[in-house]
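Make a model of the complete structure from these sequences and hints.
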Amino acid sequence: MASRGSTRANGVGQTKICQFKLVLLGDMAVGKSSLVLRFVKGQFDEFQETTIGAAFLAQSVCLDDTTVKFEIWDTAGQERYHSLAPMYYRGAQAAIVVFDITKPETFDRAKAWVKELQRQASPNIVIALAGNKSDLAEKRMVEFEEAQAYAEDTSLLFMETSAKTAMNVNELFLAIAKKMPKSDAQNPTHAARNRGVNLQGSDQQSRSGCCSN
Amino acid sequence: MKLDLPQSNKPGQHFCSIQVTSENGALCIINPLFLHEHGDSWLTHNQAKEKRKSVPWISGEGQEEIRLGPPAEDDIQDGHLSNPDKPTNVCEDSCMEEPKVVVTKDEHLNACCKSQENQSTPKLLRKSVIRLHSDPKRENMVEINETQTSDNILIERNKTLRLSRERKSALLRHRVSWIQEEDILKTVLKKANSDTSLSSSDSFLLPPPPELDSVSISSVEEEGDRCSLRPKRHHSHGLGDIVRHSLLAVSTALTGLVSPEKHLGNRIQQLAEDPSSYLGGIVQTFTIQLQKRSVVYLSSTEMLQALRQLLTNSKNHLLERNETLEILERQEIEEFKIASVIESSLYKCVLKPLQSAIYCQLLEMHNKDGSLEMLLDNQKKMKKWSLSDQKPRAGMPGLATMEKIKQRLAHMHKAYSPEKKIRHLLKVCKHIYESMEASSGKKEAFGADDFLPVLINVLLECDLTCVQLDVEYMMELGDPFQLQGEGGYYLTTLFGALYHISTFNTVSRQLSVEAQNSIRQWQRRRTIHHKQTFRKSNQLNEKMSEKYASLLALESS
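Respectively, the protein sequence lines represent chains C and Z.
Mapping the first sequence onto our numbering, position 210 (from 1) lands on 210, and the numbers just tick up by one.
Mapping the second sequence onto our numbering, position 275 (from 1) lands on 275, and the numbers just tick up by one.
These aren't lab readings, by the way, just hints derived from the structure by calculation.
We put the beta carbon where it would ideally sit given N, CA and C, even for glycine.
Where hints are given, some of them may not hold.
As the list claims (entries may be wrong) - Calculated Cβ distances over 10 Å to all of chain Z for the following chain C residues:
| hint | residue |
| --- | --- |
| 1 | Gln43 |
| 2 | Cys62 |
| 3 | Asp64 |
| 4 | Arg80 |
| 5 | Gln118 |
| 6 | Arg140 |
| 7 | Thr154 |
| 8 | Thr165 |
| 9 | Lys178 |
Claimed, not checked - Derived list of chain C stretches under chain Z, where covered just means 3 residues or more per stretch with a C-beta under 8 Å from a C-beta of chain Z:
| hint | region |
| --- | --- |
| 10 | 50 to 60 |
| 11 | 67 to 74 |
Claimed, not checked - Only pairs whose alpha carbons sit at most 20 Å apart, straight line, appear in this in silico EDC-like list of lysine to aspartate or glutamate:
| hint | chain 1 | residue 1 | chain 2 | residue 2 |
| --- | --- | --- | --- | --- |
| 12 | C | Lys164 | Z | Glu444 |
| 13 | Z | Lys430 | C | Glu49 |
| 14 | Z | Lys443 | C | Glu49 |
Set out below in structure tokens:
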């Protein structure tokens, strides 16, 4: 693990690196990992870290003067593993709740996840709702408007995506990246491993946002 | 053992063969410098007795094995001091040894030579070795010369010693097997190019590659692991004390050339062993407490947290020491590396000696609270159940892979460094992914939906008692920096899998309060540490002193 972490930004002006834990939730077979793989594979290799499998992936995106690095934690969507989910979303700064637009029960399950996250996860967690498999429009069972209205009500980011055609995949992650807090104080996980870039020296006080739960 | 020498050679006839083969066919090289100095009559001398079995200064067959695993510390000292005629673990730990030990060993060498040799040479040698050891950075050129000099001196001495033994013993056999020694040397020199012959001492002057792994204590451990898998080798080819001692001296000299990280590690070890130092004081007090059980911990987590606190305090103390700051000022070790070098060294001097006591107490606690029994019962139940129902979508590993996985888990259990344990865990997961891919027939990327069920089914076939202890050990004792990222993910997954097994067949859809607390505390520990620059540590200690909820008393609720 020692070789992990990025050195690429060394000496590149004022580029900041922020690292976030992002958790993927959603029913089994809604395309959680396909979505992430599409995102990871579609990016520049330079920003890709080799991982042993697709349940954990790491990918960075560039955003103005900041490199946002996501550590993406996939969860098993089977109902019987539901009770393990808190282990994964604990401490996550972002979550994508995925459902399959062709299966209404996955949308119900997504709503349950959102509720649970809002109740139990970090208070500042950025939640995105993804209606996946939008390429299967002819089999659509969950209307776009319905999902969007729900997302607005619960203050979520929402997009319909297709891991197959890559529609909205990068856009979704970029939208999340933009919503992530970029100040050091709110990003407790980035510092140590990226010491090549000077991120130290800022205040230590307000880590409460992410870890006080 | 056979010498590939022309049998017709008459005693006294000089020839310049430098190739000698041993019984097992290994090529042996004699330093030509030695032949140049002393001729090779000693090689052909006493040919008639060649077939006899042993030589006193060579370990007899079956007398002793070369032990490739990491030796216990007292082995080294006792071995060298009290058994001068027995083969000793020449190089195993000599890198890690302190200068004073080097002196002791040289004194032993002196003692061996006393009867024959004038005392000036050994003294010279000792001096140069010590200087090399203590002053690595400054005199690179001098070091090279000195190493070579000491090499020559050693050869001189080998010869004299050998002659003295010759006289004493009728059973003479001359073996100068540098190459055979390499296997042992590898463990010491690790990446320092051990496939060159020792006689070309300058080849060892290459600095080790700057990658962190090469200097971490756990890489030593890894070597040990690997070595221990090999069948034990009998020491039949006979390496003389002299050769061993010369190798020892050379390798000791080389320690002076080993990385600053290694030196820091040695220094920490030294401090930890010194009860008058701060580090030695707290380490030894804790060790005694744990071993004598003078402190009663309410839960396993509490015990492990106390130990982690000790590691953290020690690390912070070491980071603030002037010595460390000087190292940083001289830029001998990069700033981002130093904390991890210290952490690894602390694992070695704190966790390594305590590991079995920790396991023992954890086991006791979990036997008492019934959590282990619950886990193992459910393992049996699930095993039956998973045969008929709930087979994972992705294929299970075959027998061969399962064997590899079990072996890897055994290594994981054996490792004392939490970091190293996590690396073993990642390898287990990699085996699982590979077998999933192999059984699906295509290079498919499997996410958690597929991975977790397979992991759980794999675990059902394994020794869950060990895995349970290891998970706890890693979660609580690991450096929070290392518990991030991929390692953290798969450790969480392993914890989750065990939790799933131990709560199998129960109706609750909710995590038990204990499990939730445990995860929350662990997560917190991982995140709060990241805000900390290593010189500002006091806040952390306060946080760390919180009592944590019991990690594994999940079922007790």
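Now the hints, each set against the structure:
{"no.": "1", "hint": "Gln43", "in the structure": "holds, 15 Å"}
{"no.": "2", "hint": "Cys62", "in the structure": "holds, 20 Å"}
{"no.": "3", "hint": "Asp64", "in the structure": "holds, 23 Å"}
{"no.": "4", "hint": "Arg80", "in the structure": "violated, 8 Å"}
{"no.": "5", "hint": "Gln118", "in the structure": "holds, 17 Å"}
{"no.": "6", "hint": "Arg140", "in the structure": "holds, 23 Å"}
{"no.": "7", "hint": "Thr154", "in the structure": "holds, 22 Å"}
{"no.": "8", "hint": "Thr165", "in the structure": "holds, 18 Å"}
{"no.": "9", "hint": "Lys178", "in the structure": "holds, 22 Å"}
{"no.": "10", "hint": "50 to 60", "in the structure": "holds (count 7)"}
{"no.": "11", "hint": "67 to 74", "in the structure": "holds (count 3)"}
{"no.": "12", "hint": "Lys164(C) with Glu444(Z)", "in the structure": "holds, 14 Å"}
{"no.": "13", "hint": "Lys430(Z) with Glu49(C)", "in the structure": "holds, 15 Å"}
{"no.": "14", "hint": "Lys443(Z) with Glu49(C)", "in the structure": "holds, 18 Å"}
Checked against the numbered hints above, the structure violates only hint 4.
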